[in-house]
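Chains as they are written, first to last, in the numbering used here: chain A, 1 to 588; chain B, 1 to 189.
By construction, these hints were calculated from the structure, which means they are not laboratory data. Here the structure is a predicted model, which is why all the values come from computation and not from measurement. Every residue, glycine too, gets a C-beta built ideally from N, C-alpha and C. Do not rely on the hints blindly, as some may be mistaken.
As the list claims (entries may be wrong) - Under 8 angstroms between C-beta atoms, here's a sample of chain A residues computed to sit facing chain B: (1) 161; (2) 239; (3) 309; (4) 337; (5) 341; (6) 342; (7) 376; (8) 377.
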Amino acid sequence: MKQLMTGNEAVARGAWEAGVRVVSAYPGTPSTEITENAARYAEIYAEWSPNEKVALEVGIGASVAGGRALTAMKHVGVNVAADPLFTVAYTGVTGGLVLVSADDPGMHSSQNEQDNRHFGRAAKIPVLEPSDSQEAKDFTVAAFSLSEEYDTPVMLRITTRVAHSRSLVELGPRSERPLPPYVKDARKYVMIPAYARPRHAAVEARLTALRELAETTPLNRVEWGDKSVGIVTGGIAYQYVKETQPGASVLKLGLAFPLPRRKITEFAHSVERLYVAEELEDFWEGYLRAWGLPVRGKEIFPWTGELQPETVASALAAETDRPSSPPAPRPAAAADPPARPPVLCPGCPHRGLFYVLSKMRLTVAGDIGCYTLGCLEPLNALDTTICMGASIGAAIGMEKTRGPEFAQKLVAVIGDSTFIHSGITGLIDAVYNKTQTTLLILDNRTTGMTGHQDNPVTGRTLQGEKYREIDLTQLCRAVGVDRVTTVDPFDLKLMEQTLRAELAAAEPSVIIARRKCALIDREAARPPLAVDRDKCTGCFRCMRLGCPCLSRQEKKAVIAGQCVGCGLCSQVCVPGAIVSAGEAGETL
Amino acid sequence: MNNILIAGVGGQGTILAGRILAAVILEAGYDLKVSELHGMAQRGGSVVTQARWGERVFSPIVARGEADVILAFEKLEALRWLPWLRPGGQMLVNDQRIDPMPVVTGAAAYPEDIPALLMAADAAVTVCDGYALARRSGSPKAVNMVLLGLLSRHLEFPAAAWEDAIRQAGPEKYLPANLAAFRLGSAEQ
Ligand SMILES: Cc1ncc(C[n+]2csc(CCOP(=O)(O)OP(=O)(O)O)c2C)c(N)n1
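Chain A on its own, in the form it takes in the complex (with noise of 0.2 angstroms):
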């Protein structure tokens, strides 16, 4: 029976139907829904993990204990995971072990774009990459295979486009693979010198019998068609290429690395011209180049952002004179309609805390989670924002360079998930080399930005069991910090108070604005608010909140949608006009 699944339903699927035993992730778009969906099957253990690093270390421990074990991240996850990356491709596996990297071309919700087909490379493990949900699955099944068939960590590349469509899936069976006893092996887990020089000659011997493979795998094969032209491509670009060029040959690559390099010259050599098509960087045409074929590629494809079927189509129909696509409808007054950013949610706890930050004109060291969005106008709250973690070593460098005055006006801003994952190491070099650095733990109970997941701070499972919750006050204490405070974020005189308190102390300190993400609090949800607009002055005041209720109309605000009543803007309203909407008349 076929079934419509997403590329991340599927990577999960085949998870499963491969035997799969262990799933281990951090959370990040576009590869949360693997583990949500992993975590459904009885069969598997599934668990967030605190970080990319620890979780592929988990998935190479079920690895070394002989069970196939998944790990999916971002693309930016593997940064963090690239220590134990680059040793478990020596170390090779027992049972079959398959990293997913879901990269996010276009950036939809990322903060860069990097193509992790290099990571593959500088790795020197096998890189597959699906087209859609039904090779998801069936890579996924193959990427085991592989890796136990050549002692190897595979690589699953996926991109947003083939992570988050539904496309139709032929479901298969799970195949059940008893555990081996357990051997001890420390030649070849055990990564001192003496032991590695041999694991890395392993690999080079891996790499080429890998290459070998390449040119025979079904993973890779060409669909020929007219010979005037060819185009290798592969993953998502493929479909843009079979859309918009149904006469040209194909030569698809689902092993993108490494590359047949008789199949592509022979291919090469049976066609007029030949392009390649590939999303991001010049990955394969590098490769074409450095064999002397006469390729175009990023001559006339963007090295930036997603690929599209129109830009796939103009760029070819530029070089063969064929006709584009016919002009589509557009305005006669052909303005850009305004932009519709993302904005911190109804009743969200990080909008006061922004405020007040906005109003002292602090110098702000972001993070990244959904505060990041405290970044646009009109918080404008935010100075820097680099990768998860990085808040807190951003200001330590800041005051070491700008000295203690430049501290009392600086604070480093992070989220509850966000400084597990990588903010404590950074509090304690804060401690450690003596700064003053005032630290915002923005303790919203979850892991908002990506869809609310639970973490050690919250003490839920991904099973949602409950076990022990992270204290956050007494971790901050134990590694020196004495100045630890918890202060409700909705409090916005409190929270000022407390701030200018803080940044004085001449040591560390710590903030924990702690209340629950108003999604995940169904308790908190107040009757609405209104204005009164005989006491509205007009003077805009709340407007400053960027809340998406608020809105001006006749030079009065108004308050429309779903306001959740966390009444931050009758505490910034001078004249008191904003009162439940009761009082005010009536509902909106």
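Fit chain B with the ligand to the given chain A structure using the hints.
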């Protein structure tokens, strides 16, 4: 090949509408691909579901100038996605305005009279007051069902297929309200 976009603002129920549409298309035996970007869905950003179906579908996303129908849950989103409509395609617009943050802060203006702008382009435009109809059906929250009803009038699938899909998509207790809203939308001229 058939191409549809369902555009709206995070939280408006476009994703559920897309799921129901997908179930109806599958029931009719087509190959189908649906693409939805939902990373920002809960945070009030623009969201779009793209559906393509036919004998054999390759691309999961609709190219500019290719959509037969665009169902827009909000007026500004209709304007944003207009370039994706094929010449002469159908633009179905819910008569709702949701100010994006640049409009709230005063950095940008919400375009005046969007239906007129749409009509001035080469598009057949239907404007529907989804909220009024949803209220009339007795469930003001079922705007997405009203709009699906409206969409159903422009597609080939039988009413029974839509109603089956709606039945399977949501909890029993909302079913009468959802069906009533769908039927009102599908009767709307
Ligand atoms: C290395 C890495 N892994 C994962 C992500 C995806 N990601 C972005 S923010 C975030 C966590 C946000 O949770 P939290 O810090 O609790 O803040 P909240 O969104 O709840 O405000 C995640 C997982 C990322 N950007 N980088």
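Outcome of the hint check:
Interface restraint check for residue 161(A): the shortest CB-CB distance to chain B comes to about 6 angstroms, inside 8 angstroms, so the restraint holds. For residue 239(A), the interface hint holds, since its Cβ comes within 8 angstroms of a Cβ in chain B; the closest pair sits about 4 angstroms apart. Annotation: interface hint on residue 309(A) holds; nearest CB of chain B at approximately 4 angstroms, less than 8 angstroms. A least Cβ separation of about 5 angstroms between residue 337(A) and chain B falls short of the 8 angstroms threshold, and the interface hint therefore holds.
Evaluation of the residue 341(A) hint against chain B yields a held restraint, the C-beta minimum of about 6 angstroms falling below 8 angstroms. Here the hint on residue 342(A) is kept, as its CB sits about 4 angstroms from the closest CB of chain B, short of 8 angstroms. Among the interface hints, the one on residue 376(A) holds; its C-beta lies about 7 angstroms from the nearest C-beta in chain B, closer than the 8 angstroms criterion. Checking residue 377(A) against chain B: minimum C-beta separation of about 5 angstroms stays under 8 angstroms; hint holds.
Violated hints: none; the structure is consistent with every hint.
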